[in-house]
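K.L.:
With positions in the sequence shown counted from 1, the corresponding number in the working numbering is that position plus 2.
You may find that some hints are simply not true.
[Said to hold, decoys possible] Simulated DEER-style distance windows between Cβ atoms:
no., residue 1, residue 2, range
1, S233, Q144, 35 to 43 Å
2, P453, S328, 24 to 32 Å
3, D208, L305, 54 to 62 Å
4, A308, D208, 43 to 51 Å
5, L305, G427, 36 to 44 Å
6, D284, L388, 28 to 36 Å
[As the list claims (entries may be wrong)] As a list, the in silico DSS-like pairs of lysine-lysine whose alpha-carbon atoms are at most 27 Å apart:
no., residue 1, residue 2
7, K272, K303
8, K128, K107
9, K350, K390
10, K303, K390
Hints listed in this document are in silico derivations from the structure and should not be mistaken for laboratory results. Heads up, the beta-carbon is just placed ideally off N, CA and C, and yes, glycines get one too.
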Amino acid sequence: MGKSKIRVVVAVLTVFMMVFGMLGALAVNASATTADNEGTAHSDTVDAGVGSAPATGASGPEQSAGQQTLAAQEDSPSENSKQPENPDPELPPVFPEGWMGSSGKWWYQYADGTYPTSAIVTINGKDYAFDKWGYVVNGWYQAEDGAWYYSTDYGIVTGWRYVGGRWYYFANDGVMQTGWLNDGGIWYYLHSSGAMAQGWVNYEGDWYYMASSGVKTTGWVYAGAWYYLDSAGVMVTGWISQNGKWYYLTPSGAMATGWVNDAGKWYYMKSSGAMTTGWVSDGRWYYLDSTQGGAMTTGWKYLSGAWNYFDSANGFWVSDRASFESDWNYAKSLYSPTDYMITVDTAKPSCTVYYWRASAWQPLWDFPCSVGKPSTPTVKGTFSVLDKGYTFGVGYSVYYFTRFYGQYYFHSILYYQGTYQVKDGTLGGHVSHGCIRLPLEAAKWIHDYVPYGTSVHIR
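Sequences and hints are given; from them, build the entire structure.
P.N.:
As structure tokens, then:
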């Protein structure tokens, strides 16, 4: 190729390189202008000259000062600027949040990997109790404030819960309740252990009775005996009136039956517990005076047209016989070596047994009797109880005999021999062979209770 052609080629290449270089410079200037404008918009501290790209080959903060390019020097922080210690921090790990289970135990894991321990935590609107290892509690749980809860895998229990054979009640916040509880207008009592009470409960000195269902009882209740609980459920003692009848509740609260002594006065309660008035037989006859509030009568009382005498200490009826008082006056001066004495009035046949009390003879029994007929009269005088037996007789039988002199006895009326069929039941007459005939029960009482040596006075 000639020199002239070579010059042409070199000139073309030179022009081409110049054009290409100018285009490149324009591109760089345009980029720097854009960076400068953006920096001005976001920060007032950026220098107008900062914005050029780092030179190719810049290797970061470990390069020596002589090797840093101009761009690297411009991008490096000024003396007064702050640079993070770790400009590229490591992000924390992210854990799956929710319930975790292993070997039948459950715990709840948060997104940061932690989990609740020794606390009650609300999760999705439900309260759960966690132990110190973070597991959900199954069973009893006591919080730091001392409150008790009952926990399951499904959360803290509320309302009634049957645990270990007993009922417990947990409030809406799960706290176990104690003391009185009103649930739907029905009262229950929960012991300090939280267990629902059944049977008797003593609260502040008053007794209450809780049914087997736990419900507080009012009115009559049977618990080995009858008791009465007022409208507040408190056990009543003393007198109460129900449906026009009087009842007596002992100091223990049990309804009384039979004899009741209240403030020194005696009352008699039927098997139903209702107080009785009028005549009552309880082995002896008694009179309960309605005009005296049902109290047992003692001493003299005019009834049914006659004066009746009731033992002054024990209230049992003794006699309504017209001549009884004169016979008693006669007996007051008599003697017996035992605490018993018997008198017999042959004129108006009667037999009276006395006992010694309060330094005087007190009438105990006043029996009707029959004595000897005129041809075989009963002996008179002072005698003593000698011996006793069950029966004798030929063509008849008498029972429970008590001999006081010779062949003279107290014994029953006559029965057909070997039977208890009455042959001659006459009382109050002069019909015997000299013995003193008595009702069967009277003859038996003298036979059983009057001791040997007791004086017998017959007039």
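K.L.:
State for each hint whether it applies.
P.N.:
Hint-by-hint comparison with the structure:
{"no.": "1", "hint": "S233 with Q144: 35 to 43 Å", "result": "holds, 38 Å"}
{"no.": "2", "hint": "P453 with S328: 24 to 32 Å", "result": "holds, 27 Å"}
{"no.": "3", "hint": "D208 with L305: 54 to 62 Å", "result": "violated, 43 Å"}
{"no.": "4", "hint": "A308 with D208: 43 to 51 Å", "result": "holds, 50 Å"}
{"no.": "5", "hint": "L305 with G427: 36 to 44 Å", "result": "violated, 26 Å"}
{"no.": "6", "hint": "D284 with L388: 28 to 36 Å", "result": "holds, 33 Å"}
{"no.": "7", "hint": "K272 with K303", "result": "holds, 23 Å"}
{"no.": "8", "hint": "K128 with K107", "result": "holds, 18 Å"}
{"no.": "9", "hint": "K350 with K390", "result": "holds, 26 Å"}
{"no.": "10", "hint": "K303 with K390", "result": "violated, 36 Å"}
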